[in-house]
Amino acid sequence: MRTRSDGGRLARRAAIAVVQLWGAATLCFAMLHLIPGDPVDIIMGNQALVSPELKAQVRAEYGLDDPVVAQYLRLLGELVRGDLGTSYQLQRPVWGALAEQVLPTAELAGAALLLAVLLAVGAAVLVPERSRVARTVFSGLEMVAVSLPQYWLGILLITFLSLRWHLFPVIEAGTWRSLVLPAVAVALPIAGTLAQVLREEMDTALAQPFVTAARARGAGALAVRTGHALRHCLVPATTLTGWFIGSLLGGSVLIEQVFGRPGLGQVALTAVTNKDLPMVTGVVMLAAAVFVVVNLLVEVSYLIIDPRVHRDGT
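FYI, UniProt numbering numbers position 202 of the sequence shown as 202, with every residue one higher than the one before it.
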């Protein structure tokens, strides 16, 4: 049953989420204004020979001749209204451009997260605690997975599984086969970290009295792990999974470049290169919003997984 302290905790988390979104918008605005270059040149495109009068007109139209503080306050006001503005380069609303690229990135992130969770849970549940050889082997595999840079792993997968053995296409948009290699490249480092946390928590849970009682009732090793111990591993694993979800957009930038996939990563890279302030702000705010929402959902999930976390005030 929920208590008043639970509601207060969630309210504080919501307030923190607002501050995080404001911080993301502020940092993005400051960084882009420190990058050398004139946004008017991006807006004008290839029209290099334009009169100063036309440049001044364009600058006034987009409000770029206003003081920096005024531009910042205008940006915050537009974000509060849900208006991300118009892309300097694409000359179209940022929301529309982002909406076209969300699905490929969401597919990659979802597939990678599902694969990572399945691998990590499998490693935590299936590795016997008394088998020193198996635990050593899996610990080594986890360390290797954690240490592998995603872009380098992607290049290896393309080299061997695509170019040499022809098992998967390098570029074949719109099919599940084209999603396998980039999902594996993103998932393996995540799975390695998550598996380490799950196995450590599993060892702690298996030493608890309730596990001894379950074994005394005749429960088998797999039943004890899946039906009793696994639930007690979910709080730290859920926290870590929430962080991974929030960071998947950043990880997708390099992977989408390596595999030539469409998505928000390509949009973000192009926008930063061209100093497209509205588009960069849109990508940053979308990523920050996903991170904030996921963390709020993780906080709510604690009430279901283990309400004692809130009772203890942790």
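Mixed in with the good hints, there may be bad ones.
Pairwise CB distance ranges (calculated) [as the list claims (entries may be wrong)]:
(1) Phe160 / Arg81: 20 to 28 Å
(2) Leu126 / Pro36: 49 to 57 Å
(3) Glu100 / Ala207: 46 to 54 Å
(4) Asp83 / Glu200: 45 to 53 Å
(5) Trp152 / Trp176: 18 to 26 Å
(6) Ser147 / Ala56: 52 to 60 Å
(7) Leu148 / Glu100: 27 to 35 Å
(8) His33 / Arg12: 26 to 34 Å
Just so you know, these hints were derived from the structure itself, not from any lab.
Even glycine gets a Cβ: it sits at the ideal position worked out from N, Cα and C.
Enumerated hints in conflict with the structure, sorted upward: 1
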